[in-house]
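Asker: Sequence:
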Amino acid sequence: MDIAPRYNPKEVEEKILKKWLSGNFFAAKVSADKKPFSIVIPPPNITGILHMGHALNNTIQDVLVRFKRMQGYETLWMPGTDHAGIATQNVVEKDLAKQGLKKEDTGREEFLKRLWEWRDKYGSTIISQLQKLGASCDWKRTRFTMDEAYSETVKEVFVRLYEKGLIYRGKRIINWCPRCQTALSDEEAAHKEINGWLYYIKYPVKGYTGEHAEYVVVATTRPETMLGDTAVAINPKDERFNWLRGGKVILPIMDRELRVIEDEVVDVEFGTGVVKVTPSHDPVDFNLGKKYNLEFINIMNDDATMNEQAGEFANMDRFEAREAILELLEEKKLIEKKEPYKVSAGHCYRCHTIIEPRISPQWFVRMKPLADGAIKVVEEDRIKFYPERWKKVYLNWMYNIQDWCISRQIWWGHRLPVWYCKECFKNEDAEANAGIIVSKQKPEKCPHCGSHDLAQDEDVLDTWFSSWLWPFATFYWPNFRKDTSDGKELNYFYPTSVLVTASEILFFWVARMIMAGLEFKKEIPFRDVMIHGTVRDDRGIKMSKSLGNIIDPLEIIDKFGTDSLRFSLMLNASGGADLYISDDTFLVGRNFANKIWNATRFILLKMTEKNITIDNLELEKYDEIDAWLLNELNNAISGVTASLDNYRINDATKIAYEFFWHVFCDWYIEMVKDDFTRGRAKISVYVLLNAIKLLHPVMPYISEEIFQLLKENLFIKAEESIVVARWPKAKKVEGDTKSVNTITAIAQTIKEIRNIKTDLGLGQKKVSLAIKTNKDNEQYWKKHEVWIKRLSLLEDISFQGKLKRTVFKGELWELDLGVEELDIKNFLVSLDRKINNLQNVHSKVSGRLNNENFLNNASGEVVEAEKNKFTELSEQLKRLKELKNAFK
RNA sequence: GGGCGUAUAGCUCAGAUGGUUGGAGCGCUGCGCUCACAUCGCAGAGGUCUCUGGUUCAAGUCCAGAUACGCCCACCA
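Per our numbering: the first sequence = residues 13 to 900.
Everything labelled a hint here was simulated from the structure, so no lab data went into it. These figures come from a predicted structure and were not determined experimentally. Just so it is clear, CB atoms sit at the ideal spot from N, CA and C, and this is done for glycine as well. Take the hints with a grain of salt, since some may be wrong.
Derived CB-CB ranges, DEER-like [said to hold, decoys possible]:
no., residue 1, residue 2, range
1, Lys22, Asp314, 46 to 56 Å
2, Lys837, Ser886, 27 to 37 Å
3, Lys22, Ser871, 54 to 64 Å
4, Leu559, Asn299, 33 to 43 Å
5, Glu324, Ser515, 21 to 31 Å
6, Arg845, Val736, 16 to 26 Å
7, Asp14, Ala109, 53 to 63 Å
Result set (BS3-like, lysine-lysine): computed pairs, CA atoms no more than 30 Å apart in a straight line [what the hints assert, rightly or not]:
no., residue 1, residue 2
8, Lys607, Lys350
9, Lys743, Lys622
10, Lys133, Lys167
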């Protein structure tokens, strides 16, 4: 037998991944006799490369999937990627720019061709990285949100919603990214605070007579928008401006007459109480414009440079124009003052450019009707959030939901299934439906006028408009095909069991999937939503490429192995809290993998050395130390199982770790290594096998490798892969508790002996031990003498009726060490500390027992336990004091 | 402006339904290359559980308030 003393993950992982993929172990099918367990992956962007967030998200899913698969569920993990409209287009545009080209130079068709080429070349990178991570998806199913069949679903959904009146075209103020040159939804405009100024600008009052102020002063953070002002507003209740009501002011620079309107939205407290109103460039002002029938003047181009409406500032960038306007106002002495001010501005979530609110004809989904059901299922806990607090966040958003802008002025994505009749459609009349034909296929002619002159809408749909269909569109609903068993698969696997995701896309994706599921499948898309934290660096800063603080999971895999990465992440991910990680975080995993490896190595080497073969794992006979171990194994099995059932993966990980290292390795293997009989070997292998099964969801590679090693070297029957092996079950342990308890007491005593030896400065020196105990206990000491000596570094053990001296006094026995002269300084210090601690607890307990209120109010069980504790503590204390007195 | 979260050892974090003497990993100190593993073993130091009040026989755990940090939402010109 030749097993390396160090675990080499690289070799092992490569080999095993091949086995898994070629062996089709992750494939799922409809099985009437099995319960389904299904997860759809949050599809990563095709532009994506595996980052720590992916690693965390997908490891969690994989743990759950592997666990359920081993439990015998028919398990489907549906993989796939998202076309990620803006993100991908940006990437390919950048690529094009290297050749000095813009997408307009190549034209739409050619540009799309390049996009598809790009996706064919790089789009599967993330998939192979997920495979490397060990993700046990049914890879043959890998979907893409722009697959032909998937696109059919998208169109179908659009048409259905339109026909139901839930999709409409409207000319409204939307979030416009001047860099990407497209509309965005509200969710895609991330609000961030920036340091700006609040400028106080004087607007001359028309017909100034000297009876009132010559100017009204308005406060603004965006002076450049004044060019589009068509009113100023005051609060109707604001008596300071009674004189201004019904009056007019003059917009400086433009010399435009502005109405004075009155509306409740104006905050009397803020600024001067007078607000400039720019209906075309501010959402609040837009509403005012509608309400009071104001003029809408658009002063900007698509790229946020000023247009001809901006007069002398035309063609300037918006921020350039701001400076120029301020300069001019300064010259005219129209700036009263400026104050530093923090402004919350929307930023494009793709390119971080500041959003420009803008009036534009776009397509929207009416959300309120969709939200109603989605609110109900969460209120009624038919969908549960883990941790639960996200329920509130979700509901709060849903209660206040706004219509969703779904059209994007980019090329990469699902083209809107919308055609315009050039005869009937009048663009300026954007609110009406005349001339708009919504249809999955290109219509032959306009149903209204019969014209054949039809043009498809140039826009594409928001990426999320396809992702929100993911849980059922991946089964090609509603057309299905043979490769999804004509819908049988959807019926079987839907609703999915759990959705695992980061909180960032709760609104983007999770909420919308619930709405889509209920609308189209008439059923929730998943039962549980597990929301995990964000991965941050060790200073608590979110990892991002632009900040340069990322820890690359692929590098960690390369350095420490995939299992180390996964194990360390799972150990750290708890209760949806954020994870703070550094390179060192992953050492725990590496060390543990090596420990597992070496425990296996030891067992197999010993068996070879002793010529032990095993052909089955029926446990025939075992003694007290075996029983003790099996009992611990049972606790681990039920602990890990219960934790995984409750999505407490970190607990499960910890329990398995603790058992493997600190129970199995530190104690059992040490106990049996000197007397490694066939019986011990069998127990060892049995426990090892069960332990690696417990670890398999978190550490799939090493557990598989060991599973295979055991199969190769023993003659036991086992599944082809641990992937499909049966999850461990707790087995009843035969054996009397007294024996097991005695073993526990011996182990405890061994720790005491080590402790005392250290205190006495004996260190690793082997000394002899004298023990005084009864015949009954003596037999255990004799039977287990070999490992007791080994673990407490003793020369020999003698049994005596009377000890010359006592260095340890326990409930069951007293001990002395065979050393003439004792350096008792440290020993006495430790002893004192122990006595002190015990004394503290003792007086606390006795205080409680002397407290009538406690005796009257606490439950009988608690009082009973407290009494027992008191007795035990008293005895312990007495022994320690006696021990101490003997040394005086 | 609303809402949420976190505060426990030097660091990163565990500590369901209040009741053993508050734990782990890393780091630190001391001793050991004991033939599975130095990616190891053994022993140890280190905590007024952020603060203040309250409920209770009993609070790290529940309640209220304060402080600090973080996050989310919002028509804060």
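Asker: It remains to establish, for every hint, whether it holds in the given structure.
Answerer: Hint by hint, here is what the structure shows:
no., hint, verdict
1, Lys22 - Asp314: 46 to 56 Å, "holds, 51 Å"
2, Lys837 - Ser886: 27 to 37 Å, "holds, 28 Å"
3, Lys22 - Ser871: 54 to 64 Å, "holds, 57 Å"
4, Leu559 - Asn299: 33 to 43 Å, "holds, 37 Å"
5, Glu324 - Ser515: 21 to 31 Å, "violated, 48 Å"
6, Arg845 - Val736: 16 to 26 Å, "violated, 53 Å"
7, Asp14 - Ala109: 53 to 63 Å, "holds, 55 Å"
8, Lys607 - Lys350, "violated, 66 Å"
9, Lys743 - Lys622, "holds, 28 Å"
10, Lys133 - Lys167, "holds, 27 Å"
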